[in-house]
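> According to this note's numbering, the sequence shown is numbered sequentially starting from 31.
It is worth saying that the hints were derived from the structure and are not from the lab.
Don't take each hint at face value.
Pairs of lysine to any residue residues, derived as SDA-like cross-links and limited to a Cα-Cα distance of at most 25 Å, are as follows [claimed, not checked]: (1) K51 / R40; (2) K51 / R41; (3) K51 / L39; (4) K51 / P61; (5) K51 / R36; (6) K51 / T62; (7) K51 / P35; (8) K51 / L38.
Here the structure is a predicted model, which is why all the values come from computation and not from measurement.
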Amino acid sequence: LPDGPRQLLRRYIDEGRLGVKSGRGFYDYAPTSDQA
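With the hints as extra help, turn the sequences into a complete structure.
Put into structure tokens, the structure is as follows:
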């Protein structure tokens, strides 16, 4: 991968933005009012 995407992925990992399991990643997986 070029440096740009690698740096973005590294930053997301360092921030704990791991996807559905952490509730956020490239998208925000916050529960909606009908899921709570």
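> Hinted pair, alpha-carbon criterion (25 Å max): K51, R36. Please report holds or violated.
21 Å, holds
> Sort out whether R40 lies within 25 Å of K51, counting only the CA atoms.
17 Å, holds
> Would you check the hint for K51 and T62, treating anything up to 25 Å between C-alpha atoms as holding?
OK: K51 and T62 at ~16 Å, within 25 Å.
> Take a quick look at whether K51 and L38 sit within 25 Å of each other, Cα to Cα.
Measuring from Cα to Cα gives roughly 19 Å; hence the hint holds.
> Starting from K51, check that the Cα of R41 is at most 25 Å away, please.
17 Å, holds
> Keeping to a limit of 25 Å between CA atoms, is the pair of K51 and P35 held or broken?
21 Å, holds
> Can the restraint linking K51 and P61 be considered satisfied, given a maximum Cα separation of 25 Å?
Within the cut-off at roughly 12 Å; holds.
> Would the pair K51 and L39 pass a check requiring their Cα atoms to be no farther apart than 25 Å?
Judged against 25 Å, a Cα distance of about 16 Å means the pair holds.
Violated hints for the displayed structure: none, as all numbered hints are satisfied.
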